[in-house]
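Mapping of the sequence shown onto the working numbering: position 69 corresponds to residue 69, and the numbering continues sequentially without gaps.
Keep in mind the hints are simulated off the structure, nothing from the lab.
Check before you lean on any hint, since a few could be wrong.
Keeping only pairs whose Cα atoms sit at most 30 Å apart, straight-line, the calculated DSS-like set for lysine-lysine is [claimed, not checked]:
no.	residue 1	residue 2
1	Lys-258	Lys-162
2	Lys-98	Lys-109
3	Lys-109	Lys-133
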Amino acid sequence: MLAYILRRLFLVIPTLFGIMVLNFVIVQAAPGGPVEQMIAQLEGTAVGATERFSGSASGGELMQRPPSEASGGGAYRGARGLPKELVQRIERMYGFDKPVYERFWLMMKSYLVFDFGDSFFRNRRVIDLVIDKMPVSLSLGLWTTLLIYFVSIPLGIRKAVKDGSRFDISTSTILVVLNAIPGFLFALLLIVLFAGGSYFKWFPLRGLVSDDWSTFGAVGKVLDYFWHMALPIAAMTIGGFAGLTFLTKNSFVEEIGKQYVLTARAKGLTEDRVLYGHVFRNAMLIVIAGIPGAFIHVLFTGSLIIEVIFSLDGIGLLGFESALNRDYPVMFGTLYFFGLIGLVMGIVGDMMYTVVDPRIDFEARG
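Produce the entire structure from the sequences given, and follow the hints as far as they go.
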């Protein structure tokens, strides 16, 4: 197993490099880079950005140029009429005075030591931004994944045992309906019902914790935290039950029909012994091994709208704002960091197979 893990770790390097190259090329080809964003802000025509420029070199400082200097900057939209030297200063400030390949090389060299640089528009280090936003996204991703698994696995097993019964059909209908409800729509419904909309005010509308959270005791801090997280987690969980429940059910139904189950029953084993002693290990392989991937999916792709609705300042919102602002250090830094996490979690997913069933030997496949 050790040799297999080492091989997978070595494959992480070219895979991550390919991901970065592909995204770097796509982003460079997209219109409206950080230079254009700065020019638009200097001209007062910036639109679509959710964060204003707050860097060390302010727009006023850059604009303090004699009006008699030659105009230039025709390569950038909206730069006509600006002094050419001003545009060149903006390029140097963002590192765009270097060739594309040199910028990529310098970026990757820094990323090897986890130096993601500073945000263009927030005047903060990228790693500090990620650390600040991480608790929100980790909370949403972790508790949502655990809740989905804790409900879906027992329900899927029950549906497999009762396959074709009224219970199976009714729960399938409910799951399909829940799966069809968008998470953001359910979030709005929860706010209307339970967060002071039109009915009850049982839960807070925004934030991860209360403003006076630091004054609470240990138990009070935990209760306040879950009080704030209840509605966002419920909104993210609503559409996650169906897929995993049906996957669990189908895995168990397939295993229950195999010969070894009939043999175990013929030997006089109880149904629970057959189900949880023999079927469970084989049927749960694909379900349990998918936990790392499911967590990564919920963490990085499922929380953006929920974070916006409940005013939770997490990774999803950070990535969205960075894309709007063309904040390249934040975009590429988070892409590298979470791409690396995703690849490592893929290896963890393979290791989960051997945890669930020690008979699996990846070395034998090699």
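Hint numbers contradicted by this structure:
The structure conflicts with no hint, since it agrees with every one listed earlier.
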